[in-house]
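**Student:** Sequence:
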Amino acid sequence: MNTVLHIMKETRVVAIARKIPASYIVPMAEALYAGGVRLLEITFDQQDEDNLRHTPGMIFKVKEALGDGMAIGAGTVLTTRQAEAAVAAGAEFLLSAVTDKGVIERVKNLGRVMIPGAMSPTEIYEAYQWGADVVKVFPAGILGSDYLKAIRGPLSNVPLMAVGNVNEKNTADLIKAGASSVGVGGNLMDWSLASNGNYEELTRRAAAYITAAGEGRNE
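So for the sequence shown, this note's numbering puts the first residue at 929; every next one is plus one.
Since the hints were made in silico from the structure, they are not lab data.
Any given hint could turn out to be false.
Only pairs whose alpha carbons sit at most 27 Å apart, straight line, appear in this in silico DSS-like list of lysine-lysine [claimed, not checked]:
#  : residue 1 : residue 2
1  : Lys947    : Lys991
2  : Lys1036   : Lys991
3  : Lys1036   : Lys1097
4  : Lys991    : Lys1097
5  : Lys989    : Lys1104
6  : Lys1077   : Lys1029
7  : Lys1077   : Lys1097
8  : Lys991    : Lys937
9  : Lys947    : Lys1104
10 : Lys1104   : Lys1077
11 : Lys989    : Lys947
12 : Lys1104   : Lys991
13 : Lys989    : Lys937
14 : Lys937    : Lys1029
15 : Lys1077   : Lys947
Quick list of simulated restraints, FRET-style, between CB atoms [what the hints assert, rightly or not]:
#  : residue 1 : residue 2 : range
16 : Gly1018   : Gly1059   : 17 to 27 Å
17 : Ser1084   : Ser1123   : 39 to 49 Å
18 : Glu1096   : Asn1037   : 22 to 32 Å
19 : Gly1030   : Gly985    : 16 to 26 Å
20 : Gln1057   : Asn1126   : 36 to 46 Å
21 : Ser1084   : Glu1143   : 32 to 42 Å
22 : Asp996    : Ala950    : 33 to 43 Å
23 : Lys1097   : Leu1038   : 19 to 29 Å
24 : Pro1082   : Arg1009   : 20 to 30 Å
25 : Arg946    : Glu1128   : 34 to 44 Å
26 : Thr1050   : Glu1128   : 38 to 48 Å
27 : Gly1114   : Gly1018   : 22 to 32 Å
Note that this is a predicted model, so its numbers are computed, not measured.
Backbone N, C-alpha and C fix where the C-beta goes; we use that ideal spot for every residue, glycine too.
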């Protein structure tokens, strides 16, 4: 099994860094690591005209600081150029909010794990048929665990990641409903904690999500 997929299966939590200032990304990643998180997604900001430099630069910084201790991925990858830039910087897995066949194929050709976003059963099925390793169900927290459980029935062969409005309270339910993992953004990666020097709370939250995901798996 691919190393990233193995880590995902074991820990079930992907931290999502969105609009995090570059000066905070490494110490925040270290705080996550202390709490047990081993997968970090750094997203492309589509409003940033220089995102082909900024986001890969942050990926490189974290990889350099943490080495093999944490798998680093790129998120909101909408184009093949973004995919190529992320992989060149060291990204081991790539995620998107949408399903784009060309992006999926390019990422797989580059030998990386691809996790496109989808919502409907048809979108999920197509993404998997086109080569997705895991399909991101978005926005899972709004759709709810009942929705996830319903689509899991006919698509039981597709690994699903629940992303969007995921919090400490619904993590276990989403895993129990059939998500193989969850992606957590601002509810975990709150850079205001870092700006106040409160890395201990970031570590506490990371540990809480890891625990909640484990409880969902064991129920």
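**Student:** Give me the numbers of the hints this structure contradicts, sorted from smallest to largest.
**Tutor:** 3, 4, 5, 9, 12, 15, 18, 21, 22, 23, 24 and 25
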